[in-house]
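**Q** Quick note, the sequences are listed as chains U and E, same order.
Residue numbering for the first sequence follows our numbering, starting at 1 and increasing by one per position.
Residue numbering for the second sequence follows our numbering, starting at 1001 and increasing by one per position.
Errors might be hidden in some of the hints.
[As the list claims (entries may be wrong)] Computed spacing ranges between beta-carbons, pair by pair:
(1) U:A96 / E:I1051: 45 to 53 Å
(2) U:A4 / E:I1010: 54 to 62 Å
(3) U:L126 / E:Q1181: 54 to 62 Å
(4) E:A1074 / U:F90: 57 to 65 Å
[What the hints assert, rightly or not] Just a few of them, taken from the derived set where beta-carbon distance is under 10 Å, the chain E residues facing chain U:
(5) I1014
(6) T1093
(7) G1170
(8) S1203
[To be verified] Non-contacting residues of chain E with respect to chain U, defined by C-beta distances greater than 10 Å in every case (computed):
(9) R1004
(10) T1041
(11) E1070
(12) L1095
(13) E1162
Calculated from the structure, these hints are not laboratory results.
By construction, the Cβ of each residue, glycine as well, lies at the ideal position given by its N, Cα and C atoms.
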Amino acid sequence: MIVAQLLVILIILPISYGPLGELTLRHGGPDLFLVATWLFAWLTDRTNALRWAVIAGLALDLLNFQRFGFWTFQLVGLAILVDYVRGRYFQVSSLAEALLALLVMTLISLLIQSLMTQQFIWPVWLIEISSNVLLGTIMYYILAVRFRLFQRWFGQRL
Amino acid sequence: MRRRRRQWGIVAAIALIILVAQFSFFNPVRDVARRFVAAPTSVVRHLSQKINSSFGLIRSVNDLAKENAELKAALNQKEADIAKLATVQNENTSLRQDLNFSQGRTDIKLIPATVSEFSPFGNYQTLTIDKGSHDGLKENMAVVSQGFLIGELKNVSDATSEVWLLTNSGLVVPVRLTGSQTTGILKGSLRGLIVDNIPADTSVTVGEAVVTSDLGNLFPAGIAVGKVEEIISKKEEVFQTARISSPINTSSLSTVFIVRP
């Protein structure tokens, strides 16, 4: 799994900081790191989710100009939160509940970023929330329905 | 037991990295990471631009399918050439404008820098350039493109720097409206770029140019920012607020210039 996670980060980084960054500057767009954190936390286990959160968080900390650790703590915190609510309050196999978790994650992340930057750009919030949910739905469908990952990992049928 | 100890070891190592990274001697590591990612980012950006233009080409091919095959091929080739020429021309015009701006201002020195990354987080409105304190850059220097102010250097590392764009609401720039010769404060907002704190008794005209002011000695005076698009404040307000438009599309920048006074 660690190789897969490293491959994902190698793919996500140039896309996020290149064309997606240009798009985000103009209109806003999906947060690939957050969606990936949600996917690893929702579809795999705690170890994989935390490992991903640390890898992605450290990569973001290296690339951005915020205080080092900001992104790592944020992604690790969100991964722990999703892992906690997933088993207790949400049904893993429910798409609606999975997307609700992603929505909450996105809101928390945007709130933290807005508090840090003192910027509350509502159109950016709206676009990021909707694009994250759309991307999450597509990824969930591909990974969970097409590849039947749930059946493999949890024995649950969608 | 051994596994638990290993896990705690990893946690301790990560905590140590985060702690060490708080000090400035860690900056070169972050610079290397930014430069390392800049290369594949640039490749992906070019690739996405090519895909975009290819879609345009495919669309035009569909239209021309009604014509004969020879004409279609020739036209496609011509369109590709025109697209290529247009890109070069745009780049040329942009650089010429930068050059004119540089020649017209002997009081300032322009340092060219390449845009390496765009922040993927909408709340930040920043971009990263490939120059830093080793190239003589300092925080709060103005950043221009084609002679227009686009932002300010906020975080300067050894070999890379972060530019806060004018659309970043954390950035406040004193400006002067050239027609009415009045000053105001420029900031980014939900409504785009706005200038507020314009005295109510000032007559502001739509279309008048907005330039930087030397108020507070932040930036050299007279750098173009844009022009007044509309007055958005109500008549009963103490100060007027104007919406400004800038001709620069920051999301497609590849080169910028840092203004060194």
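**Q** Which hint numbers doesn't this structure obey?
**A** 1, 2, 3, 6, 8, 10, 13
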